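Number of protein chains: 2
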Amino acid sequence: MDSKSGTETPQESGVESFFNSAPPLKDRDQISQKLEDFITKISISSESGKPIRVVCVTSGGTTVPLEQRCVRYIDNFSSGNRGAASTEYFVKAGYAVIFVHRRGSCQPYCRYLPQDSFLDFFDIAENSTIKVCEPHGTVVKGAIRDYRKAVEEGFLLKLPFTTIFEYLQILQMVATSMRCLKSHGMFYLAAAVSDFYVPWENMAKHKIQSAEGPLDMRLNQVPKMLLVLRKDWAPAAFCISFKLETDPDILLQKADMAMRKYGMHVVVANELATYKREVSVVTSGEKTRVCSHGQDHDLEEELIDILVARHTEHIKKSSRIDVNEAL
Amino acid sequence: MDSKSGTETPQESGVESFFNSAPPLKDRDQISQKLEDFITKISISSESGKPIRVVCVTSGGTTVPLEQRCVRYIDNFSSGNRGAASTEYFVKAGYAVIFVHRRGSCQPYCRYLPQDSFLDFFDIAENSTIKVCEPHGTVVKGAIRDYRKAVEEGFLLKLPFTTIFEYLQILQMVATSMRCLKSHGMFYLAAAVSDFYVPWENMAKHKIQSAEGPLDMRLNQVPKMLLVLRKDWAPAAFCISFKLETDPDILLQKADMAMRKYGMHVVVANELATYKREVSVVTSGEKTRVCSHGQDHDLEEELIDILVARHTEHIKKSSRIDVNEAL
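So the sequences go chain by chain: A and B. When you line the first sequence up against full-length UniProt numbering, it's residues 1 to 327, in that order. When you line the second sequence up against full-length UniProt numbering, it's residues 1 to 327, in that order.
Treat the hints loosely; a few may be bogus.
Chain copies aren't distinguished; within one or between two, either way the pair holds.
[What the hints assert, rightly or not] As a list, the in silico DMTMM-like pairs of lysine to aspartate or glutamate whose alpha-carbon atoms are at most 20 Å apart: (1) Lys141 / Asp123; (2) Lys149 / Asp123; (3) Lys205 / Glu271.
If you're looking for bench data, these hints aren't it; they were derived computationally from the structure. Every value quoted in this text rests on a predicted model; they were computed, and no experiment measured them.
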């Protein structure tokens, strides 16, 4: 992959026009500062010992606004559970994680906490302090400890997004800031990213009125950023993308295609009907099934183990290439 | 409003075909049982004193699936904050509330609790119990107490929905079960209901593929159920609907139209840019502005006050009509 080829493909011009027409990120400066601080801290820690690996985990679905003053939007089904669980296992494996997540989606260390019936979780003790109803106490205590440790030691940075416009701009910022990590960087792209969008300038300014019969909409394709990520933003990083389909007949074929077309190192393939219990790790020439062994067992534990091993190989291979190039 | 007029309008046949084509509610029997228990408990309490009023509060946005095995859907922007806050004030005013809400949206008594940074809220005390970080402790204690009281005394029933299909089927069930309450029933329809949907039988079975250029979609209008609610489901109840617009120029005109067209008693009009700070209560011939007096003040407090007073008038008027009819 060479970023200096000079010839621009139609795909790339789609990327440019997407970014040019996107509404600018509101908190760009703060995000930029947070990223700089995070990467600097990692780099300093790395100098005094074994290099720390950094993974950007994306999680949850992106929205596509249908109106500029947005009342309606298209959304992608995603609880964010996989990204949250994976983040915990990456931290456990010694990775620093940049968790790029949909606002309100599942958060690391919060997976066992209730969302809807929050207040059923707590009670007021006789001495009028708040207590967590058993048997949840132990789980919550562990979660608070692990979460605090990860944040305080600089192993977890959380960046939220809502729209496809925010997501892709943040991904670009994260990727370019991770470029300096070379092969020690990893992208674990579990977010459910919209395939279609309405360009900002074509969008209705106000809420679409419902009095005028059926609504016809034309949605454009979102340019495939995976290619640009691999080619331009962070070419030395280890890249894992996800493929979700509802039709098992086309799943592996699509996973394989994604790998070749976008230069992914690994594609994790999952089916909507079984995604909680089973995924397939697809690499060139190999397919490994990873299954959950029951309700209390995260398949992400084994999945992250496999990916960490593959990342190690990638780092070794890259360092051999670097040595050869230096000779 | 007469349900026995015999002539069916095009609007009504739209209603019928909507329900016929909707995927059936999975937990219909449980919902039905919960409603029966709730209304029975209220009726028994009412017999031994002042009749208890019941309000159905709908809250949050409905989704419109774009695929039968749904990966993508259209959603409506709504945090559910207004419905959750209003529920608290209705309970305070002595109403029993059926809170029909979008899964994962804001819940009554949970408005001051964090969603994304949940774990920042807690700490582990020296004796290794979990404590709520100050200054949140007092708020959380009050919330737990009020919530428990409302549920245990039978003043709060929560029913969740996600899709437009679930929402309208549940609303129909709630409305017909509240019919027996006559003018003591109220509908406070704050949910952001989709105006457009894809009929189940027209829907793509599998995830729509993105390889084939732009996506053209045709969405049908969701039949206006307000009319059917007023006319057939619960004709004696007091009905309040909401109108959200982004364009202030058309807002009041649309609110007025909704009132006349669907026979609403009150329409609460709000603008997207200012909906947290200001609403207008529109009745025939009158418009009252309700504003928030600052960040810590809920405009719902005054709003519910006004609506409770209007509901009292409605009950008095209805009982005069009943007496006259009996003579």
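Between Lys149 and Asp123, at a C-alpha cutoff of 20 Å, which is it: within one copy, between copies, both, or neither?
Result: close only across copies, 12 Å inter versus 26 Å intra.
When no copy is named, should Lys141 and Asp123 be tagged within, between, both, or neither for a Cα gap of at most 20 Å?
both (16 Å within a copy, 9 Å between copies)
Under a CA distance limit of 20 Å, which applies to Lys205 and Glu271: within one copy, between copies, both, or neither?
between (37 Å within a copy, 14 Å between copies)
Hint violations for this structure: none, all hints satisfied.
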